[in-house]
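> Listed below are the residues making up each chain.
Number of protein chains: 2
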Amino acid sequence: MNAQDFDRWVQASLNAFEAALDDLVPAGAPAGLGEAMRYAVLGGGKRLRPLLVLASCAAVGGDSFAAMRAACSVELIHAYSLVHDDMPCMDDDVMRRGKPTTHVAFGEAQAMLAGDAMQALAFEVLTPDTGIAPALQARLCSLLARSAGHDGMAGGQAIDLASIGKQLDEVTLRDMHRRKTGVLLQASVMMGAACGPASTQATQALADYGAALGLAFQVVDDILDVTQDSTVLGKTAGKDQDANKPTYVSVLGLEAARALAQQLRAEAKAALAATGLADVSHLSLLADSVVERDN
Amino acid sequence: MNAQDFDRWVQASLNAFEAALDDLVPAGAPAGLGEAMRYAVLGGGKRLRPLLVLASCAAVGGDSFAAMRAACSVELIHAYSLVHDDMPCMDDDVMRRGKPTTHVAFGEAQAMLAGDAMQALAFEVLTPDTGIAPALQARLCSLLARSAGHDGMAGGQAIDLASIGKQLDEVTLRDMHRRKTGVLLQASVMMGAACGPASTQATQALADYGAALGLAFQVVDDILDVTQDSTVLGKTAGKDQDANKPTYVSVLGLEAARALAQQLRAEAKAALAATGLADVSHLSLLADSVVERDN
Numbered sequence: 213m214n215a216q217d218f219d220r221w222v223q224a225s226l227n228a229f230e231a232a233l234d235d236l237v238p239a240g241a242p243a244g245l246g247e248a249m250r251y252a253v254l255g256g257g258k259r260l261r262p263l264l265v266l267a268s269c270a271a272v273g274g275d276s277f278a279a280m281r282a283a284c285s286v287e288l289i290h291a292y293s294l295v296h297d298d299m300p301c302m303d304d305d306v307m308r309r310g311k312p313t314t315h316v317a318f319g320e321a322q323a324m325l326a327g328d329a330m331q332a333l334a335f336e337v338l339t340p341d342t343g344i345a346p347a348l349q350a351r352l353c354s355l356l357a358r359s360a361g362h363d364g365m366a367g368g369q370a371i372d373l374a375s376i377g378k379q380l381d382e383v384t385l386r387d388m389h390r391r392k393t394g395v396l397l398q399a400s401v402m403m404g405a406a407c408g409p410a411s412t413q414a415t416q417a418l419a420d421y422g423a424a425l426g427l428a429f430q431v432v433d434d435i436l437d438v439t440q441d442s443t444v445l446g447k448t449a450g451k452d453q454d455a456n457k458p459t460y461v462s463v464l465g466l467e468a469a470r471a472l473a474q475q476l477r478a479e480a481k482a483a484l485a486a487t488g489l490a491d492v493s494h495l496s497l498l499a500d501s502v503v504e505r506d507n
Numbered sequence: 213m214n215a216q217d218f219d220r221w222v223q224a225s226l227n228a229f230e231a232a233l234d235d236l237v238p239a240g241a242p243a244g245l246g247e248a249m250r251y252a253v254l255g256g257g258k259r260l261r262p263l264l265v266l267a268s269c270a271a272v273g274g275d276s277f278a279a280m281r282a283a284c285s286v287e288l289i290h291a292y293s294l295v296h297d298d299m300p301c302m303d304d305d306v307m308r309r310g311k312p313t314t315h316v317a318f319g320e321a322q323a324m325l326a327g328d329a330m331q332a333l334a335f336e337v338l339t340p341d342t343g344i345a346p347a348l349q350a351r352l353c354s355l356l357a358r359s360a361g362h363d364g365m366a367g368g369q370a371i372d373l374a375s376i377g378k379q380l381d382e383v384t385l386r387d388m389h390r391r392k393t394g395v396l397l398q399a400s401v402m403m404g405a406a407c408g409p410a411s412t413q414a415t416q417a418l419a420d421y422g423a424a425l426g427l428a429f430q431v432v433d434d435i436l437d438v439t440q441d442s443t444v445l446g447k448t449a450g451k452d453q454d455a456n457k458p459t460y461v462s463v464l465g466l467e468a469a470r471a472l473a474q475q476l477r478a479e480a481k482a483a484l485a486a487t488g489l490a491d492v493s494h495l496s497l498l499a500d501s502v503v504e505r506d507n
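Going down the list, the protein sequences come from chains X and C.
Residue numbers for the first sequence follow the working numbering, beginning at 213 and rising by one.
Residue numbers for the second sequence follow the working numbering, beginning at 213 and rising by one.
Simulated from the structure, these hints should not be mistaken for lab results.
Do not rely on the hints blindly, as some may be mistaken.
One side of the interface only, derived from the structure: several residues of chain C facing chain X at Cβ under 8 Å [what the hints assert, rightly or not]:
id: 1; residue: F229
id: 2; residue: A231
id: 3; residue: M249
id: 4; residue: H296
id: 5; residue: C301
id: 6; residue: E320
id: 7; residue: M324
id: 8; residue: A329
id: 9; residue: F335
id: 10; residue: Q349
id: 11; residue: A350
id: 12; residue: A357
id: 13; residue: G361
id: 14; residue: H362
Given the structure is predicted, the values throughout are model-derived calculations rather than measurements.
C-beta: ideal position from N, C-alpha, C; glycine also.
Construct the complete structure from the given sequences, taking the supplied hints into account.
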């Protein structure tokens, strides 16, 4: 697959994804709640997690309706976590994806509720009355719940919160980021794979791919935080440094962090080769785009 | 069933429930998160929702392992909503179940994360690797997600938020409370019923029972808010009045609110009679305890 074919696939996938998400996030939820939810999740973001779900499903020849629902659910979890993260009691950030954060636009109470409702909606979209086999619904809910909760994203946030102003070694930093970002990225890959008949070997190798890619994503995030300005990032640059948060750059230095990102990309591609699947080109090119991105 | 038998059933159910919940809420979650989650959900509260799940499951002769998981999941949702509700940007309350609220004890950021992680955990406990048939897992997740989200609890909170200082008519007040409290109480009944082989007739009648009981619960809450002091309630009394929130008492007056509670109890019992189930005594006595409670 060449770069042009990949770009075409990304564009077509994103179009279908945005339409599906727009359809699923209720405009009519009461008292401004729907408006806040839609503001927080529609029309912005790189949509890396949904692309991982769809690419992984395609690699195993899976059910595309279920995968699209799964793509929407992981993005809802990701978007809700950003809404809560940005609030004054957490990172206190006012800018996200180039526009005011949800609590700035709608107030703190509505932002907290919107985040809460988005998490519930993530599980609602995985459990429609028809269209997804019940056993697959259960599997997708299981993967999502475990990646979002205490042992995944929320647990990583708690470590993050406790680490401000502290020195962390690379092992602790890696554990924090594995939970905070990596586990949901990996779950995206696993949820896509669950939509099709993947062998045990392929499933394990895809888990390895997801783990390497998840960590690479965070390493690159830390690099961009110090090398890019806010306009390019669409969020406040230099934030982690200012908050005295440990990052891969602060722990390893910029050059070693760049080398680590390259090493993780190689690990991700080696894992793809070990899947035994015929066409993993989308997943491979997504790993490239994670490491080579500039925002 | 006499009152003594019912009390014995309640006590045995609560003992088993507390042990199950204690087992499921992780002490080991990182950086104090597990401690905050356990503080928020263990060792307190009336546990009405879990009792409804267990009583409903018993009425249909359902799977008690699945029902216990469902009981834990609804209580996790209820408890997380209290944690977020009590925060300064919402109701700003400092006392709950006779002790400091979670954000007072652990800080706002940790309280928000604990609530978020508790919602994820609710879906995690419904989707174990073994012990609950996948189709039942999917059904339970579906019921829980819909009752917790924009069309249920979170939507009701948003209406509540927007209603402060406003006059509401009884229809709007009823819609707010149906979403905010009623839908999760009703879902507790439905999740219990889903654990067994309930007929369409029984399922519909149990839904009616849950709707009447859910509304009765809120009417009684509003009555107690003005007739009891904080020590008996274990939370700040007179709060709604002080916040200028519309309640059943402010809209209907105290006597009419009391009459409505009695009417809803009668509706709940009529619905139970329409289930066609052999033994609905636990559900019937739970309706009594909701209307007759003093805290």
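> State for each hint whether it applies.
Do the hints match the structure? See the list:
Checking F229/C against chain X by beta carbon gives a least distance of about 20 Å; that is not within 8 Å, so the hint is violated. Given the 8 Å rule on beta carbons, the hint for A231/C is violated: about 20 Å separates it from the nearest Cβ of chain X. With its C-beta approaching chain X no nearer than about 7 Å, M249/C sits inside the 8 Å limit, and its interface hint holds. Of the supplied interface hints, the one on H296/C holds, with its beta-carbon coming within about 6 Å of a beta-carbon of chain X, less than 8 Å.
With a cut of 8 Å, the hint placing C301/C at the interface with chain X holds, because the nearest CB-to-CB distance is about 4 Å. Taking 8 Å as the C-beta contact cut-off toward chain X, the hint placing E320/C at the interface holds, the least distance being around 4 Å. The beta carbon of M324/C is positioned within 8 Å of a beta carbon in chain X (closest approach about 6 Å), and the interface hint is therefore held. Evaluation of the A329/C hint against chain X yields a held restraint, the C-beta minimum of about 4 Å falling below 8 Å.
Satisfaction of the interface hint for F335/C is found here, the shortest Cβ-Cβ separation to chain X being roughly 4 Å, below the 8 Å cut-off. A hinted interface residue such as Q349/C counts as satisfied when its beta carbon comes closer than 8 Å to some beta carbon of chain X; here the least separation is about 4 Å, so the hint holds. The beta carbon of A350/C comes within 4 Å of a beta carbon in chain X, closer than 8 Å, and the hint placing it at the interface holds. Interface restraint check: A357/C against chain X, minimum CB-CB distance 4 Å, threshold 8 Å, status holds.
Contact between G361/C and chain X, as hinted, is supported at the beta carbon level, the nearest pair being about 3 Å apart and thus within 8 Å. About 4 Å separates the beta-carbon of H362/C from the nearest beta-carbon of chain X, less than 8 Å, and the hint is met.
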